[in-house]
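Participant: Produce the entire structure from the sequences given, and follow the hints as far as they go.
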Amino acid sequence: MPNSPEYSQSSVVNYPNQLHKLRTKRLLQIIGLTLFGLVLAVAVANGTTKWVLVAGCFTLALAGIFAYQRQIVTATIVLLWAMCLMLSALAFISGGIRDLALLGYPGVLVFAAMLGNSRLFFSLIAFMLAFCASLTYFAVSGIVAPVIPTISAAHFVFVAAILLVTGVSVYLLYRDQQRLMSSLHAENHRVKQSQAHIEHLVLHDPLTALPNRISCQRHFQQLYNQCLTNAQQLAVLFLDLDNFKPVNDSLGHAAGDLLLQQLARRLENLLSEHDILCRFGGDEFLVLVPGFASNEALAAKAEALLQQTTAPFYIMQNQIEISGSVGIAIAPQDGIEFSEICKHADMAMFQAKADGRNVYRFYHDELNKASIDKFNMLQLMRKAIKQKEFQLYFQAKLQLSDQQVIGAEALLRWPQPDGSMISPDDFIPLAESSGLIVEIGEWVLQQACLACSRWHQQGYHDLTVAVNLSYVQFRDGKLEQQVQQALSAAALPAHALELELTESLLIGEGDNIAQQLAALHQLGIRFSIDDFGTGYSNLGYLRRFNASRLKIDKSFILSLCLSERDEPLVRAIIQMSKSLGLKTVAEGIENSATAAQLALLGCDEGQGFYWAKPLPEHDFLGFVSAALLNESQ
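Residue numbers for the sequence shown, in our numbering: 2 to 634.
Since the hints were derived computationally from the structure, they do not count as laboratory data. Warning: the hint list may mix true and false statements.
As the list claims (entries may be wrong) - Computed cross-link-like contacts, EDC-like style, restricted to lysine to aspartate or glutamate with a CA-CA straight-line distance of at most 16 Å:
#1 384 to 440
#2 387 to 443
#3 584 to 605
Computed from a prediction, not measured in an experiment: that's the story for all the values here.
Facilitator: Put into structure tokens, the structure is as follows:
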């Protein structure tokens, strides 16, 4: 293809070689044509004129040899100077300044301009002017008397030869000039086409052919200026697909690309005359809606976007169903800069995801404040990790039948300089989303094992410690190694460590998590299912992951003695656990009546404020010591 990069590069590479061949060809043609004219002149000439012409023929033959050997510069110099000197000699021996030979001077200058260089051209014209001046001087001063020949047929041959050589040569060079101009025009056209194509690539997404982020920013500025002029507002709808990654993971990126292309065509069909649809990146799309009628109209457009997202896609003989979340920000009230309005629409989109997905949300200032608060807390958390500000507290677990302390759950706390605490509900989700929970979780494992080892050294040999795990800690596959290192460093037996897992982690488990849990079980680690009853409550995974305990969520325990509604459910959980060979642990026990009721229902263990709040290690050991003293009395 002429417009292809390969063609253009090849043309650039071959152009000097092609030009050299063309100059050689033209030079040989001019030499041959001139030689032919001289031969005709020799045929009708006589005397000294004939010998001058013969000398010119030999010199032109020499120039032809140089040209044939592709010594272009040498051939050109020999040709032009030979013709110049020959014409000058003919003029000198015949009619002087009025001789017909001087008609050939303009042709020589044309050849010099076309085939030679500026130095050759100006040296020739300087010689010609000087020679003509000399002829004039010699004639005027009487030093040389010009011989005015009698007109004969030979003069016609001389004139015809000069005109033929000059005219045909100039015509050939003119045609070359025309071809060059045509080629330059075509090349200029190709360059413009390439520039337009490059500009299109710069401003459009190659997959969906939609305007990309750079183009979207330009459209935003244009539309915003128009809206300001017309006293209107400009809305930005930020659409992000939900559960798009599994499409790429299961069917491949080719399927994901086809889905994005189909979705782009669907969304284009929803656009009003002045709306702009852009692919912001990945599975994110941006819709600019200028001059909308009302927020209700924006909500209807957002709903239409979501409907197109949830409609089934048929890709590679597969029916794929996904959804999307939409965030809406409005300029100028939510920002006037493109980056700012996109950030706010993005915040609203994430709020839509947090509210259950497949919904839309409008931006409001509280979202920005929450984002700033999260950012600040993230910086504080990184500092807290470096400066070891986190602490472990321990909440006692007791056997309900005899109130004996059998262990503790390790709970992470973040004390502040003013004596307050940042709630785990505030910083744990942020640590998980940022990935910091991996580093924090490893530290918790190490410190919990070291603490339990110290308890054993102080004579509390039967105490165990339980540590909560986050799903993020399974991602890099290093959890087994971290647990082994923590146990080894603390010289703690594996049976003294219990890992608490959430239902959601197990329900959504993949082979990677299953393999890691199996490896940990082989080490002798025990597992408990935390907050049972608040998730899917699927019984199948209890056997599959070798759980030894079920922890009944405190939401069922707190109202156990106040409402008869929760008792049947708690009884059912306890009976089911016994049938599976699992022990039950009740969380959130706050009074003796609840503890007694749970014991009657057959619950094995409990923890809660009735006995003790989460305590620093020293205070926890004090509680254990006091409990043993009361038991002995």
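Participant: Run every hint past the structure and note whether it holds.
Facilitator: Verification of the supplied hints:
1. The hinted pair formed by residue 384 and residue 440 meets the criterion: a straight-line CA distance of about 13 Å does not exceed 16 Å.
2. Distance check on the hinted pair: residue 387 and residue 443 sit about 14 Å apart at the alpha-carbon level, within 16 Å; holds.
3. The hinted pair formed by residue 584 and residue 605 meets the criterion: a straight-line CA distance of about 6 Å does not exceed 16 Å.
Going through the hint list in order, the structure satisfies each hint without exception.
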